[in-house]
Amino acid sequence: MNLLLRNATYIDWKTLDFSNKNIIVRPDDDNIQLIPRDDDGVVYPDTEVIDCTGKLVTKSFAVGHHHAYSALARGMGSPKISPRNFHEILQYVWWNLDKKLDAELIEVSALVTAMECARNGSTFVIDHHASPFAVIGSLGIIARAFEKVGVSHLLCYETSDRDGKVIAGEGLEETETWLKDHQGLVGLHASFTVGDDTLGRAVELMHRYNSGIHIHVAEDNYDQEQTISEHGKRVIERLSDAGVLGSSKSILVHCLHLNDRERELIRNSPAWVAENCESNLNNNVGYFNGAGLGENIMLGTDGMHSDMLQSLKAAFFVGQGHDTVSYDSVYRRFRNVHRYLDENGFRGNGDNNLVVLNYASPTPVTKDNFIGHLLFGISSRHITDVISGGRLMVRKRKIVTVDEQAILKESRKQAERLWNKINHH
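847 is the number of the first residue of the sequence shown in my numbering; add one for each residue after it.
Keep in mind the hints are simulated off the structure, nothing from the lab. Treat the hints with care, since some could be wrong.
Calculated cross-link-like contacts (lysine to aspartate or glutamate; reagent style DMTMM-like; alpha-carbon spacing at most 20 Å) [to be verified]:
1. K860 - E1141
2. K1244 - E1256
3. K945 - E1262
4. K860 - D1214
5. K1159 - E1124
6. K867 - D1197
7. K994 - D1027
8. K994 - D874
9. K860 - E1256
10. K901 - D858
11. K1079 - D1106
12. K1011 - D1042
13. K945 - D1009
Using C-beta positions, here's what the derived DEER-type ranges look like [what the hints assert, rightly or not]:
14. R1227 - H1168: 21 to 29 Å
15. T1209 - K1267: 44 to 52 Å
16. D1042 - R852: 56 to 64 Å
17. N853 - T1209: 18 to 26 Å
18. R1185 - A1252: 31 to 39 Å
19. N1266 - R1243: 27 to 35 Å
20. D897 - L862: 20 to 28 Å
Idealized CB from N, CA, C, for every residue including glycine.
Based on the sequences and whatever the hints tell you, model everything.
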């Protein structure tokens, strides 16, 4: 079924040019067709018409770094031991949670995450998954859940030595199985939990499947301290020496505690940086600063939520005191994920991914002030319809691809099961 968005105000996401058009969207065509509004009498066969009078239509959003596995943590009780620092937050909260995940919990976490992304206008997710006692087959479970909702994806399994060599081996095995038949990345947790052997094998996989490494980098100074103590070099030097930075598909997540030399190494490489401002605030690890990192910076949510408009605002507002961001530069970061996907030939990011905004502004909305409206006016509550790969995923604020209420009912049940598993640890 084709779609006709009638009487739309279309905003080109690259140029921010406004045009009043009818838009034809097809599931089998990455491109969209903009036609004059004055053909209102024309009837298109096999086409659903959506009246977009008074509404803004633009490219949908995408998440540059997510953790679907954290979806059931919302409202979870505090850990038995209160974490005093970043390493203890990992030990007592996240590593405790990921060890309890099984196939059922992975699936419902992915379904819930995909629905939240859909509702918030994101049609593509770059995810970083961990489930050390349910590694094999985990990426397929996530992919099927995402696809059921209609969300495109670039997945990886977070390989780490923190749970021993056998589980690290399973992580690499799951990665290779996935990359044989799917687009994806080679996931690693962070330098301080990855030994030289595992790092070397991961980079080997990256080369074999023409992929990239997706890894947390210097989120906290602990990563630097441990890497210097165990390997005699700083995190980015170690990753650079291993060949991680050589791929334009590699994603370096966080990049907070870097020196000038490390920033230079990143700037002179084709690798990408993913900024996750709210997660950094939540973990009290410091503030992102893009100075000296170059232009390849995109935004993620780090599993905190699935709302990229919220990530955009946070990057801008926190950046006022800790970064050098302007309207234009923060919008570029917000949209850079599309450039990352396109330049690396990943599928699922065509122009037939659109979001419809019912934004009744009290002031004029133009090409010149649209970013200001994104920062100070438009939010996910203005999203009425979302089109993913040419197909409707959200219509009149309702997800139309899956039974949302049934999934939420199941996820509440599964969340209690997860919390009980954690509490009886």
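Going down the list of hints, with the structure as the test:
1. K860 - E1141: Holds, at about 15 Å.
2. K1244 - E1256: Given that 20 Å is the threshold and the Cα spacing comes to 18 Å, the pair holds.
3. K945 - E1262: Roughly 16 Å separates the two Cα atoms, so the pair holds.
4. K860 - D1214: holds, 13 Å
5. K1159 - E1124: holds, 10 Å
6. K867 - D1197: holds, 15 Å
7. K994 - D1027: holds, 19 Å
8. K994 - D874: holds, 18 Å
9. K860 - E1256: violated, 40 Å
10. K901 - D858: The given pair, whose Cα atoms are some 14 Å apart, holds under the 20 Å limit.
11. K1079 - D1106: holds, 14 Å
12. K1011 - D1042: holds, 12 Å
13. K945 - D1009: Distance ~9 Å between K945 and D1009 Cα, so the pair holds.
14. R1227 - H1168: 21 to 29 Å: Holds, at about 28 Å.
15. T1209 - K1267: 44 to 52 Å: holds, 51 Å
16. D1042 - R852: 56 to 64 Å: At roughly 59 Å between Cβ atoms, R852 and D1042 fall inside 56 to 64 Å, so the hint holds.
17. N853 - T1209: 18 to 26 Å: The hinted range 18 to 26 Å holds for N853 and T1209, with Cβ atoms some 21 Å apart.
18. R1185 - A1252: 31 to 39 Å: 37 Å Cβ-Cβ, so the 31 to 39 Å window holds.
19. N1266 - R1243: 27 to 35 Å: 33 Å Cβ-Cβ, so the 27 to 35 Å window holds.
20. D897 - L862: 20 to 28 Å: holds, 24 Å
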